[in-house]
Amino acid sequence: MLNEDLPQTNNLVKAGEKFITLLGNQVNVGDDAPMFRVVNESFIPVNLSDYTGKIILISAVPSLDTGVCSIQTKRFNEEVVKLPKDIQILTISNDLPFAQKRFCKAENIDKITVLSDSVWRDFATKYGILIKDMGLLTRSIFIIDQSGKIAYKELVPNISNHPDYDMALATLKALSPDQSSNSSETLESPES
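Anchor point for the sequence shown: position 58 equals 58 in the UniProt record's numbering, and the numbering is continuous, going up by one each time.
Treat the hints as calculated values from the structure; they're not laboratory data.
Check the hints yourself; a few may be wrong.
Said to hold, decoys possible - FRET-style restraints, in silico, Cβ to Cβ: (1) 82 x 135: 33 to 39 Å; (2) 31 x 170: 20 to 26 Å; (3) 84 x 164: 18 to 24 Å; (4) 45 x 16: 31 to 37 Å; (5) 119 x 170: 29 to 35 Å.
Each residue gets a CB set at the ideal place from its N, CA and C atoms; glycine is no exception.
Modelling step: build the complete structure from the supplied sequences, incorporating the hints.
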């Protein structure tokens, strides 16, 4: 792939005090979520269309083996069990599937789906988050509603910072018609 052919955005994300260049097409809230293809731990292609009808949170990280990325992945792995069943959480990085599999085993990441964009960079370029000259994804969160529209987008302003977990999780819960796992309703329900 020729990176020179991709649109470039230079003023959205910093590494330290310096802006980094993001390659690809920026998506916005309200847009149809672009279809993409990534691979799982066995290099088997996985498509966004495989999750049609679900509410999807995509947690994009530069590399699972770094501090903030590791914490971000663990946090969503812990939170997903508290969410309605119609929600799917995907973590996507450009780490090789072998490294992702090792990380998930070592860190007990077993409730979310971890996928690699290392083969085609399809997700990164369609969502505008490929860091030029690094080949990594910038830290970001996307939520796609059940109709396939972008309902939430956060490009974390500085690559070394955490995303707004609370806002992303609140958005997920607000989008879900399945409120059966909402803790306030569960507490008020009479036990059988």
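Now the hints, each set against the structure:
1. Judged by the Cβ atoms, the range 33 to 39 Å given for residue 82 and residue 135 holds: they are separated by roughly 34 Å.
2. At roughly 21 Å, the beta-carbon separation of residue 31 and residue 170 lies within the given 20 to 26 Å, and the hint holds.
3. A hinted range of 18 to 24 Å holds for the C-beta pair residue 84 and residue 164, which are about 20 Å apart.
4. At roughly 36 Å, the beta-carbon separation of residue 45 and residue 16 lies within the given 31 to 37 Å, and the hint holds.
5. Judged by the Cβ atoms, the range 29 to 35 Å given for residue 119 and residue 170 holds: they are separated by roughly 33 Å.
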